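K.L.:
These are the residues of each chain, in order.
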Amino acid sequence: MRTEEDLLTVRHAVRAATVEVGFGLVDQTRVVTAASELARNAYVHGGGGTVTLDYPREPSGRRGLRLTVKDEGPGIADLDAALTDGFTTGSGLGHGLGGARRLMDEFTVRTGPGEGTVVVVTRWAVR
Amino acid sequence: MNGHRSPGVPILRLGDVLVTGLLNELDDRTAIAFTEELTERISAEGARGVLIDISRLEVIDSFVARTLMELTTVARLLGARVIVAGMRPPVAITLVELGIELVGVETALNPEQGLAALGWRQAQQPLEGARRGTAR
Numbered sequence: 001m002r003t004e005e006d007l008l009t010v011r012h013a014v015r016a017a018t019v020e021v022g023f024g025l026v027d028q029t030r031v032v033t034a035a036s037e038l039a040r041n042a043y044v045h046g047g048g049g050t051v052t053l054d055y056p057r058e059p060s061g062r063r064g065l066r067l068t069v070k071d072e073g074p075g076i077a078d079l080d081a082a083l084t085d086g087f088t089t090g091s092g093l094g095h096g097l098g099g100a101r102r103l104m105d106e107f108t109v110r111t112g113p114g115e116g117t118v119v120v121v122t123r124w125a126v127r
Numbered sequence: 001m002n003g004h005r006s007p008g009v010p011i012l013r014l015g016d017v018l019v020t021g022l023l024n025e026l027d028d029r030t031a032i033a034f035t036e037e038l039t040e041r042i043s044a045e046g047a048r049g050v051l052i053d054i055s056r057l058e059v060i061d062s063f064v065a066r067t068l069m070e071l072t073t074v075a076r077l078l079g080a081r082v083i084v085a086g087m088r089p090p091v092a093i094t095l096v097e098l099g100i101e102l103v104g105v106e107t108a109l110n111p112e113q114g115l116a117a118l119g120w121r122q123a124q125q126p127l128e129g130a131r132r133g134t135a136r
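So the protein sequences, as listed, match chains D and Z. Once you know that position 46 of the first sequence is 46 in full-length UniProt numbering, the rest is easy, because the numbers rise by one and skip nothing. Once you know that position 120 of the second sequence is 120 in full-length UniProt numbering, the rest is easy, because the numbers rise by one and skip nothing.
Hints listed in this document are in silico derivations from the structure and should not be mistaken for laboratory results. Keep in mind the model is a prediction, meaning the values are calculated, not measured. Wrong hints could be hidden among the right ones.
Said to hold, decoys possible - Just some of the chain D residues that point at chain Z, by a computed CB distance under 10 Å:
1) GLU4
2) ARG15
3) VAL26
4) ASP27
5) ALA100
Heads up, the beta-carbon is just placed ideally off N, CA and C, and yes, glycines get one too.
For reference, chain D alone in the conformation it holds in the complex (with noise of 0.2 Å):
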């Protein structure tokens, strides 16, 4: 992700995953909503970055969609705070972070100041 651009077509990527891991609406709109706050965090605070995605299979046959929100900007310097409702430094709600951990089944932040910020994020289709 370098332009605004990119992050219409992260959407686009993120809503045909879900379409082909077989969410149902909700849970589509779910994800690609997440996918939408994580890769403007990533734009916005770490210059821009990288989204990966993966179809994690469960071994019950469970398949689910894994997205890895890379940067490389000045990371997050206190994450409990990041993670609060209403904190923004940037043009958002201040909701994206923990928005996006209400929105999805997985969640873990790896940040610190000078090391880049990657969150990685998983939802499971109901069966």
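Since the structure of chain D is provided, determine the placement of chain Z on it from the hints.
P.N.:
Structure of chain Z alone, referenced to chain D:
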């Protein structure tokens, strides 16, 4: 793409109400351009109400939500009432889970109910001339 970009969305005028809609391919810059154009039109045409159809929007993230809230506030300062109509149910569910309430933004189930709330009424009967021309 640089400089001003037209939002590419028609803004129709019905009496003192402006009617428009947002398309799904809404990027950040287009959202800002749309806000600016709509604000200009409200002022220039003395609009009393604005109806925004969002039934085409498949995603409302926090940026789009903020744009809608700011637009509503700016319109109110100009004396116009904004109603956002036609939100898709999955979008409504996702907004609630994101923790966004669209504070101050009036909503309607569909454009027809939104227009009714703005005081716009459908004619009870077709006009004399229109009826004569209708073949059934």
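K.L.:
Work down the list of hints and note, for each, if the structure agrees.
P.N.:
Each hint, compared with the structure:
| no. | hint | in the structure |
| --- | --- | --- |
| 1 | GLU4 | holds, 5 Å |
| 2 | ARG15 | holds, 8 Å |
| 3 | VAL26 | holds, 4 Å |
| 4 | ASP27 | holds, 8 Å |
| 5 | ALA100 | holds, 8 Å |
Hint check: no violations occur; every hint is consistent with the structure.
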